[in-house]
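*Asks:* For reference, the chains in residue letters:
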Amino acid sequence: MIVEFGLYALVLSLATAIVLSVLPVIGARRGDANLMAVAPVAALGQFLLVTIAFGILMHAHLVSDFSVANVWQNSHSLIPTLYKVSGVWGNHEGSMMLWLLILSLFSALVAIFGGNLPATLKANVLAVQGWISAAFILFIVLTSNPFLRMMPPPPEGRDLNPVLQDVGLAIHPPLLYLGYVGFSVCFSFAVAALMEGRIDAAWARWVRPWALAAWTFLTAGIAMGSYWAYYELGWGGWWFWDPVENASFMPWLAGTALLHSALVMEKREALKIWTVLLAILTFSLSLLGTFLVRSGVLTSVHAFASDPSRGVFILAILVIFIGGALTLFALRAGSLTAGGLFAPVSREGALVLNNLILTVATATVLIGTLYPMALESLTGEKISVGAPFFNLTFGLLMLPLLLAVPFGPLLAWKRADLLGAAQRLFFAVAAGFVIALVIWYFENGGPVLAVLGMALAFYLMVGALTDLWLRGGFGKVPFSTAMRRLVGLPRSAIGTAFAHFGLGVSVLGIIAVSAFQTENVLEMKPGQTVEAGGYVLKFEGMQRGQGPNFTEDRGTFTLSKAGSSLGQISSSKRVYMARQMPTTEAGIRTFGVSQFYVALGDLMPDGGIVVRVWWKPFIVCIWFGALIMMVGGFISLSDRRLRVGAPSRRAKKIAAPALEAAE
Amino acid sequence: MTGTRMTGTRMTRKQKRLAIISGGVGFIVVAVLLVMFAFSQSVSYFYVPGDLAKAEVKPGTRIRLGGLVKTGSWVRGEGTTSTFEVTDTLSTVKVTYTGILPDLFREGQGVVAEGSFVAGNPVFVADTVLAKHDETYMPKDVADRLKAQGVELSGKEKIQ
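Chains A and B supply the protein sequences, listed in that same order. Numbered according to our numbering, the first sequence spans residues 1 to 663. Numbered according to our numbering, the second sequence spans residues 1001 to 1160.
Be careful, since some hints might not be right.
The list that follows gives simulated cross-link-like pairs (lysine-lysine, DSSO-like), each with its CA atoms no further than 27 angstroms apart [said to hold, decoys possible]:
| no. | chain 1 | residue 1 | chain 2 | residue 2 |
| --- | --- | --- | --- | --- |
| 1 | B | K1070 | B | K1054 |
| 2 | B | K1094 | B | K1058 |
| 3 | A | K414 | A | K267 |
| 4 | B | K1070 | A | K382 |
| 5 | B | K1016 | B | K1054 |
| 6 | B | K1054 | B | K1094 |
| 7 | A | K382 | B | K1014 |
| 8 | A | K267 | B | K1014 |
| 9 | B | K1054 | A | K414 |
| 10 | B | K1054 | A | K382 |
| 11 | A | K382 | B | K1094 |
| 12 | A | K561 | A | K525 |
| 13 | A | K414 | A | K382 |
| 14 | A | K414 | B | K1014 |
| 15 | A | K476 | A | K414 |
| 16 | A | K267 | B | K1016 |
| 17 | A | K525 | A | K538 |
| 18 | B | K1070 | B | K1058 |
Hints are computed from structural coordinates only; laboratory data are not their basis. Just so you know, these numbers come straight off a predicted model, no measurement behind them.
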């Protein structure tokens, strides 16, 4: 009975979303405060109802109620509780429910924290959120109902896909969706502003925290997904330029551009029209990603059972929202007035360069992702666009951006001194080369490009610190004064330095692991040894083992360096009983920022086993850098200026001297 | 790019704007050329064994070869080298691969091998083998093409 209440709650939330979609817009048009006041109530009500529906679905998974088709297909009574919980979104219907839950959460957050917004803007923003919610609830109810019953109830479930039986499933999708869906708020702000035909610097100030929060979560979600694929798939790779990965990477790139252009708009009232367009495009890419992953046009671990009607439905949502928003943009953009002139060499100019490169790079990823699908549907020809394409296009196009990143924060608004900034970055360049050469020496050589790449990475890191160093006035004023100044800097400046530093760390990981990793595939018999990265790996033997819902062949290895033992690594091949599906569990040992990675292959008839051994120097930097970027995002989000209410003229003036000194 | 309305006619302002716009256009042109070059270099086409008789694939050209792993054809050779045959039930191509085959690689099931032919040798040298299927589906490219060729897929090889 309780499961039926889940569906009732979902249908009621649809009604609430429709109310939210219509009444506040009428209220905002007529200036009717009562109608506009419906918006926050409806948004909170919708969030409550969706939470109830989601909670009921989770309950069905927790108690293994196999009379619910969704539970039967994706759960098993024997799997650990963690996988019963995360299994809720480890399938098509449940993941759409999570999407909806997070969308409703963001609407509720706008309703709660939007107290300082003008009444009409708040009503319109929430109404647009209501449109998106209504579309997705309708999608779930009509094509992807997770509450369908089965009669008679089967005695046992078909188990969660073994590849998904990992703690990663509990973390990666929620973080990713908080990012993906978080950009819906920026979209709603853009559409609401276009409906009102009025937009100013305050708009950017309201949008930026949402963009920042979404970006921060998306950064974490992508990094987590990359690490999960790295250790779970047993292929030793961390990024495959798979269309599904690209689907999450494109909103991240566009969102990064949005963060930077909103900065220009907030501070200088320039790039208004562009920022609004970017807000629309970023969420459009999120919707496109949802379409690619959820419609079944792609085959991957992410694409669960597919049904053509779902693809058509999501495509319709995509066309209506993206097409509608862009049409509105085309009609209204001309009436938006822009201000804020600046010289090409200035902080604004640097941020325009950032936006230019990021959007062009996003476009190349988009082309590389969609072109094979377009070609196949038009000509039937099947092609594959893989890593070489993206490395060549995306990689090369991003290079000038990476070179420019440390310059950005050093340039003044309006008109800046490029030569002066270059002089101040001289130390960063020199330090970058010296550190890169030292690493090159200790890695016993390697390609010249690796030195240049690592120098670039360290230049990014030192460049980010240079900004803080100069702002604190280290070396010019007494150390204690400089420290006090550093602590007193606006949080956003510190967040920027963290994010740019983290970018450098990730770049270092990417370059170093590509240049210096060693891979060794060989057949090993017990007692045999293999050497990689200065470590000696000895194969001890295989044992059979039994997990709660799988059997495994576990290979045990001992690792040693210069004769002293460093303990054991084990890697196993599992077969999950319910689906008779094999998986590889890699054995990974971390030394500092480098990893030793062992994966098992086939058992040979003569008792040996094929083993794949990687030494992956600096690989942890890739994800550690993303973590630093995420911390930067949160530090920036805690900036007083983002939380201060409506930016009244007075508040702005009071803050002005501090800003000037800091930026 | 800024959407700023032109109010004055001072040359400097025009020049500033021209600098920004021409820089942007230049970058986009470079990007387009790069994308076109990359497409010509690094895109690989998909074939099933039956296509290879019809279309000539030059040695060294990277392609993806898809089909079913012929039952009884999988031979483990020296060290980590394996050979197997990929079939669309009408024609067959022999494939050699050095490395670890994916967990889901099985005889009688769908597979996609990436690699190229070596001049003067009919054996396809794969550097990557994909078998991303579970019990309900096989690689979509393979399923579509086998179906198009009228190959009956039954039971567990059902296409989703």
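*Asks:* Now look at each hint and say whether the structure bears it out.
*Replies:* Going through the hints against the structure:
With a C-alpha separation of about 21 angstroms, the suggested pair B:K1070 and B:K1054 falls inside the 27 angstroms cut-off, and the hint holds. Between B:K1094 and B:K1058 the CA atoms are separated by roughly 17 angstroms; this keeps the pair inside 27 angstroms, and the hint holds. The straight-line distance between the Cα atoms of A:K414 and A:K267 is roughly 11 angstroms, inside the 27 angstroms bound, and the hint therefore holds. A C-alpha spacing of about 23 angstroms is found between B:K1070 and A:K382, which places the hinted pair at or below 27 angstroms, so the restraint holds.
Taken as a hint, the B:K1016 and B:K1054 pair is broken in the structure, with Cα atoms around 58 angstroms apart against an allowance of 27 angstroms. Of the pairs offered as hints, the one joining B:K1054 and B:K1094 holds, with about 17 angstroms between alpha carbons and a cut-off of 27 angstroms not exceeded. For the proposed pair A:K382 and B:K1014, the alpha carbon gap of about 48 angstroms is over 27 angstroms, so the pair is violated. For the hint pairing A:K267 with B:K1014, the CA-to-CA distance comes to about 23 angstroms; that is within 27 angstroms, so the pair holds.
For the hint linking B:K1054 to A:K414, the alpha-carbon distance of about 63 angstroms lies beyond 27 angstroms, and the restraint is violated. At most 27 angstroms may separate the alpha-carbon atoms for a hinted pair to count; B:K1054 and A:K382 meet this at roughly 16 angstroms. A distance of roughly 21 angstroms separates the Cα atoms of A:K382 and B:K1094; the hinted pair therefore holds under the 27 angstroms criterion. About 20 angstroms separates the Cα atoms of A:K561 and A:K525, which keeps this hinted pair within 27 angstroms; it holds.
As the CA atoms of A:K414 and A:K382 are separated by approximately 50 angstroms, the hinted pair breaks the 27 angstroms bound. For a cut-off of 27 angstroms, the pair hint linking A:K414 to B:K1014 stands: about 16 angstroms separates their Cα positions. Note on A:K476 and A:K414: the hinted pairing holds, with a Cα-Cα distance of about 26 angstroms set against a maximum of 27 angstroms. Distance hint between A:K267 and B:K1016 is fulfilled; the C-alpha atoms sit about 20 angstroms from each other, no more than 27 angstroms.
Under the criterion of a C-alpha separation no larger than 27 angstroms, the hint pairing A:K525 with A:K538 is consistent with the structure, at around 9 angstroms. For a cut-off of 27 angstroms, the pair hint linking B:K1070 to B:K1058 stands: about 24 angstroms separates their Cα positions.
Violated hints, listed in ascending order, are 5, 7, 9, 13; each of the other numbered hints is respected by the structure.
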